[in-house]
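From just these sequences and the hints, can you work out the full model?
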Amino acid sequence: MELKKTPLNEVHKQLNAKMVEFAGFEMPLQYTGIVDEHMAVRTNVGMFDVSHMGELYFKGDIAEVNRLVTVDVAKMRPGQVAYTMYLNEHGGVVDDLLVYRISEDEVFMVVNASNTEKDDHHVRTHLRSAERYENVSDRYFELAIQGPHAVDLVEQFFHVQDLKFFEMRVFGDFIVSRTGYTGEDGFEVYGPAEQAVEWWNRFMEAGKAIGLKPAGLGARDTLRFEAGLPLYGHELNDEVTPLEANYAFVVDWEKPDFIGKDVLVRQKEQGLTKKLMGLELSKGIARQGYKVFAGDEEIGAVTTGNMAPFLKKSIAMAFLRIDHAKIGTPVEVEVRGERVPAVVVSKTFYKRGR
Amino acid sequence: MVFPEELRYSQDHEWVKVVEGNKVLIGITDFAQDELGDIVYVKLPAVGQEIKKDSAMASLESVKSASDVLAPIDGKVIEVNEALNGQPELINQDPYGQGWIALVEAADIDQVSTLMTAEEYKKFIGH
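Taken in order, these protein sequences are the chains called A and B. So the first sequence is numbered by this note's numbering: it starts at 2 and just counts up by one. So the second sequence is numbered by this note's numbering: it starts at 187 and just counts up by one.
The hints are simulated quantities; they were obtained by calculation from the structure and are not laboratory data. Any given hint could turn out to be false.
Simulated crosslink set (SDA-like; lysine to any residue; CA at most 25 Å straight-line) [as the list claims (entries may be wrong)]:
#	chain 1	residue 1	chain 2	residue 2
1	A	K14	B	S251
2	A	K5	A	A302
3	A	K60	A	A302
4	A	K214	B	E275
5	A	K19	B	D220
6	A	K284	B	K250
7	A	K14	B	G223
8	A	K327	A	L230
9	A	K19	B	H313
10	A	K19	B	N208
11	B	K250	A	V341
12	A	K19	B	E291
13	A	K119	A	R68
14	B	K250	A	G234
15	A	K292	B	S245
16	A	K5	B	H313
17	A	K275	A	A302
18	A	K19	B	M187
19	A	K292	B	Q279
20	A	K214	A	M40
21	A	K165	A	G354
Printed below as a string of C-alpha cells:
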C-alpha cells in the first residue's frame, strides 16, 4: 500500500529529515536528532507537522455528539477545548481526542491518525442525527508549535496570547488552540491543506530570530511520554478503560449518560484490578511489552519506556496489578533477560512550572 | 560520514583498531551511530569477560531501539570505556575516539585482517 503524505512531505525531505512510516503516513521522525528537538521544545520552541491527525466536523444537536464522549460538551462554552475519549459499550477506549466547541451547534474533533477511520465509523454508527457530519482530515494541515516561547511566535500571526490553556479561537478558515501533546505551553494551528507550505515557511522564517526548530515524531513521542501523556496503542486500547489507564479526570461523573458510562460506574464501585503507573528504573531501558515482577510473580507489563531526555532518568509507564500499584512499591522489570530493580512512581514524570 | 583508513570494519558495523601487539580497541561506526540515533544507555562488557566473534559483547539503547554490539573478533576484555556510563552520547559525537567501547586482547590478531577495509566497508553500506 502506498503511504499517504501530508502536504508538507517535500518540505521535510528538503530539510533532510529521517522519514518513517506512521499510521499509514510517511512522516518525519527527526531532523537534527530526537534529544536535540526534545530539548528545544522544553527550553525554547519547536514546530511539528501533525497534519496526519484526523479531524471530524459535526454540526447539529450537541446532545447527539455528547453521547459519544466522556466530557460534557453541553457544559463547554464556544471557544473551549477538552481532552476526552470515545468509549465502546464495554468501557474500552475507542480513541482519545480533543473536542473543540466551535459554536453552539458545531464541534471539531481531533483524533489519532491511526484511528481516524475507526473513529469515523464509530461516530457514524452512533449519531442518530446531524445537520452535517464529515471526516475533513484531508482538508486540514495541522502544525503544533510547542515550548515556552511558542506564544511569541504564534502571536505574530494570530492574536492568541490572551487564550488560556485549552481555549481556542477561529480566524477565518483557521483554528488556533492553546493545546499540545508535549507537556509545555503551546499552540495547535489548523488551516486549509493547500496553505500548509506557505504557513510552515512563514513560521520558520519568523522563528529564526528566536531559534525555532522543526521537530519530528521521535521528539513528539519522548515529550508526551516524559509528561505522562498516553499514546493510543501503548497506554490506551479498546480493552482498557480510562480508569484502568489512570486518566479518570476525562470522565465527567455528573454527566447523565455517555456510551460506556455504566461500565465505568460499576468498575468504580467494584474497584480496579490493574492500573497504569509510572516506574523509575535503576538501570537499562524498558520497552513496550517488558514484564514487571514482584518476587517470582508477574504483576504487569510496560506500555512505554525510555530514557527521559530532559529528566535524564530511565522511566516507564506500565499496567500493574492493583496490589502492587501504590507509589513507592519496589518491583523488578525484565530488561533483555535481566531483572532490574524499579520503583512505582506517579506517571506525571515531568510537569512544567506555571 | 567518516571511515578512517587505519581501522577495520565488521558487517555488523563495529570497528577495530590495533593499538599495539594483540591489543585492539572496539567501537561502532559512524554509519551505525547515525542509524541508531541518540544513544541513551550503554551496557558495557565486564573487564575480564571473554568475547566470541559474532556474539553479543555489549548493548546499546537509543531513543528508538535496543541493539547488541557483536564482537568482531575473539578475545578478552581488558578495559571498558567507563565514560559511556554517564555520557552515552559520546558514541554519537565521536564514534572512533571518545566513543570507544572496549579494549580487548585478541585471541588471534590475524582475525583483524579478515575484517573489511574502510574502502570495502563503504561499498558494503552503499556509500
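Structure-based check of each hint:
no. : hint            : in the structure
1   : K14/A / S251/B  : 23 Å, holds
2   : K5/A / A302/A   : 33 Å, violated
3   : K60/A / A302/A  : 41 Å, violated
4   : K214/A / E275/B : 20 Å, holds
5   : K19/A / D220/B  : 10 Å, holds
6   : K284/A / K250/B : 17 Å, holds
7   : K14/A / G223/B  : 18 Å, holds
8   : K327/A / L230/A : 19 Å, holds
9   : K19/A / H313/B  : 17 Å, holds
10  : K19/A / N208/B  : 40 Å, violated
11  : K250/B / V341/A : 20 Å, holds
12  : K19/A / E291/B  : 38 Å, violated
13  : K119/A / R68/A  : 17 Å, holds
14  : K250/B / G234/A : 16 Å, holds
15  : K292/A / S245/B : 19 Å, holds
16  : K5/A / H313/B   : 29 Å, violated
17  : K275/A / A302/A : 11 Å, holds
18  : K19/A / M187/B  : 16 Å, holds
19  : K292/A / Q279/B : 33 Å, violated
20  : K214/A / M40/A  : 10 Å, holds
21  : K165/A / G354/A : 15 Å, holds
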